[in-house]
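Peer 1: First to last, the sequence lines map onto chains A and B.
Under this note's numbering, the first sequence has 42 at position 42, and the numbering climbs by one with no breaks.
Start counting at 1 in the second sequence, then tack on 1000, and there's your number in this note's numbering.
Among the clues, some could well be false.
[Said to hold, decoys possible] In silico DMTMM-like links for lysine to aspartate or glutamate, alpha-carbon gap of 20 angstroms or less:
no.	chain 1	residue 1	chain 2	residue 2
1	B	K1045	A	D40
2	B	K1067	A	E65
3	A	K67	B	D1024
4	A	K55	B	E1068
Treat the hints as calculated values from the structure; they're not laboratory data.
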Amino acid sequence: MSKPSDLVQGTLDMLLLKILALEPMNGFAVSQRLKQVSGDVLQMSDGSLYPALHKLEQEGWITAEWKTSEYGRRAKYYSLTPLGRRQLEKEADNWGRLSSAISRVIKLKEV
Amino acid sequence: MRPEHWLYTIPLRLRSLFRRAQADQELDDELRDHVERKTQEYIAKGLVPEEARRQALIEMGGIEKRKEECRDVRSVRWLQDFAQDLRFGLRVLRKSPSFTAIAIATLAIGIGANGAIFAVIENVLLKPLPFPDSAQLVDLGHDVPRIGLHGRSAAFLYFTYAEQSRSFQSVGLWRENSNNLTGLAEPEHVRSLEVTSEVLPMVGVQPLLGRLFSAEDTTPGAPLTAMLTYGLWRDKFGADASMVGRGIIIDGLPRQVIGVLPRNYWFMDSKAAVVLPLQLDRNKTILGNFSYSGIARLKPGVLLAQASADCARLIPVALHSFPPFPGVSLASFERWRITPACTSLKNSLLGDIGGVLWLLMGTIGLVLLIACANVANLMLVRTQGRQQELAIRSALGAGWWQIARELLLESLVLGVAGGAAGAGLALAALRLLQFLHPANFPRLEQISMDAGSILFTFAISVLAGLLFGLIPAVRYAGGGVAAALRTAGRGTSESRQRHRARNTLVVVQVALALVLLISSGLMIRTFQALRHVNPGFVRPEELQTFDISFPRSVVTDPIAVTRMEQSIADKIAAVPGVSSVALTTDVPMASGHWLDPIDVEDGTDLKATGRVYKFVSPGLLSTMGNSLVAGRDFTWEDLYDQHRVAMLSENLARELWGTPQAALGKHVRRMSTSPWLEVIGVVGDERADGVDQPAPKAVYWPLLMDHFDPEPLYATPDISYVVRTPRAGSSEIMQEVSQAVWSVSKELPLASPQTLEDLYNKSLARTSFALVMLGIAGTMAFALGVAGLYGVISYSVAQRTREIGIRVAMGAQHSTVRRMFISEGACLAAIGIAVGSVAALGLMRLMASMLFGVKPIDPLTYAGVATALAAAAAMASYIPARRAMLVDPMVALRNE
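Produce the entire structure from the sequences given, and follow the hints as far as they go.
Peer 2: As structure tokens, this is what we get:
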């Protein structure tokens, strides 16, 4: 199975931004959601999740605030900033172009 | 990067920096929360709690490691390291307060002096004048070396340039004058600035109220007008806005106030309180009368050289466009060879102050170097003491850079702290400078500690910190761990190598101190030489002078003017304590001269050479204490009976007839149309332009003269009184003298009261300013140099206590031990003095223009300074050396 570290550089950032674009959530929920949506194909280790989130925060793409979770526990909720939204659009664009180019190459008929 | 990016990231960075504990706590909470949830999840899947938790932790891969990774992405790592080093450095410095205090004080003095001098240089020399496009402004002067005239202009040249020049946008003429302002509670003598209508617009002045002068105001015969400066308007007229349009009385004539100048108005350091229009009549303008300053604005793109060439082209045109001075032929004006002296307005204002200031900057820079050397030495000694600590840290894995960074940071902290204290000192020094107000110092009130100066001060603080920090950093950070650990232990003395750095620093200090001391020594010799010059008067502190102008409204007839002048003199002579009183038009060192040619009996070709004209009363020579070289003085009878007599200065008599005696009985006259006057006396030379300038050649006319062209009978209405009294300079004597004057006429204000000593000191102002500044620099350098030497020898004694103990135990005499240390100090001092002398031989040539009566290579100064420095060095090594003698071998050996 593919590990997150095998993901194309920068793709992880895009995925995290995309997930946070849906709704603000905490780190644990992010990892759950990623697994769930990708049908367990994309899993990232808990170990690399948090440094990645902190990096996005330092870039100013997401922002964090402490809220009380549904279980009555205080948790750090991340949400997308306008800057992050722009970044996501940019990366999604890039990704779209890249993946369609790759699939065009892959689908070439062998003679 | 976009500004909104900073909106999000800056608060985060600041939080990471300043609320590190909280940020770390939150990180911890976040990760633990995650592990907690994961554990719950596994428990829900049926794992036992311990196993669930283990799985969760494995997936996280170690909480501490992840935390470190998260911290790393905060990207303030280097800043945190810096903060940590800084905190460590501050702690180390706090632990040795006396070292820190000495280092900071030393640096503060060095940096402060540099900051102050830089502020002066920046504001005075470097900043453009506060005028729009000031680079286009030109002092449009002329030199006529033959009559001793420099940088002046005249009406006939002004009209010619204004009408025909190709280089200037506009041309103006101005001069300073002084006038009586009456109609107030007391008559007031005010300084005035007289300008043609172009001058104020040329320098971009906007009136606060009213308007500037129009061409109409400067037309002869037009109603008289005046502008008030802000200060006069506020102090004398209560800042009354309705002053514009009202009348004031200046020199007995009513003038309409047309405007008030703004508060920040500044024009060439002029102290004028009123500005008046110059009404020059083109139809009555003749050649000569160089009593104005010219000012002009260049057309864009025109260079000074082009403007000069343009003027040179127009001077012959001007000479043919106006009639000559009566009795002097056009040919003799052409022989004057009037040459244009176009200089930028700024350079003409600055004069030669630049040389003095750069010299000071250089010397003060040297003082800072010495101060840095001193602090470097202290740092070396201290780092030496911490050698073991550094070695241990290095052995424990601290990198070279880490230790060097820390040592450097420590010295940077010292440097910046010294700089901050220095900036305060600089500010105080500038205030003091403005308070002392040295004479002839341009743009003094424009000096401030501005952004540039503060930046400079900060920059040199950092540089100084790096400079003296680098030496110990390079020396000690480099490890040699084993060696350091070994030497720091018992059993060895300090290696020679460690000595070398400190010894070199001391040699440099002594050499620099010698250079500075020689420069101040040369200034002292210059000052002495100047004091020994006979200025043409004695005991100037007893000579009180002041000016009186007799307005035409009070008296017009020349004989009546003279009688009034004499009766005022008599009244003043009756004031208690006054021993004599006399009158002159030319108080030495006070201001410019009346320069004109004279005609001489035997027709030598000296006609166009300018001589100083002085109109004097009988008794001036004895009042001043000047000598009568030959013949006799004027008498009052000479004046009233209009005897045709004159006196000459000794140098003029010698030039014309060889000896003073030969001049007696010869004849001189003002011009070919004037009657001949017999030379009845020859007067000692007077250094009227300052003691460092040659005495001008002067002719003394009687105060009242028969037929002084073009006047049939002439007495000057503007006169200076010279009063000899031991009470000179006190306000009481001026009050009593004023009463004496007012007992003759109530409408006579007394202007510019000063003692001749003030004037004398003012003429020495540049020399004394340089002397004081170099003296301060020299003293600081001397003290720092000697302290440095003392420090090195004391440290050497302290380090070698055990060695001394061994020597004494082995039977060395105390005197031998003492000699050992003294000779060490003497050796260092001797090398420093030798190096410094060589450097001084080269450097002192830069001072040549400031010296008087002494050569840049003056053996006496060099020998004297070297001896004094050597003596001080010997003393500085003797004191610690004596301590070495007191070492008790038993104690010394047991010591460690």
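Peer 1: Against the 20 angstroms threshold, does the CA-CA distance of B:K1045 and A:D40 hold or violate the hint?
Peer 2: 17 angstroms, holds
Peer 1: Does A:E65 lie within 20 angstroms of B:K1067 when you go C-alpha to C-alpha?
Peer 2: Holds, at about 18 angstroms.
Peer 1: Between A:K55 and B:E1068, does the CA-CA distance stay at or below 20 angstroms?
Peer 2: Roughly 13 angstroms separates the two Cα atoms, so the pair holds.
Peer 1: Please work out if A:K67 and B:D1024 have their alpha carbons no farther apart than 20 angstroms.
Peer 2: 18 angstroms, holds
Violated hints are absent here; each numbered hint is respected by the structure.
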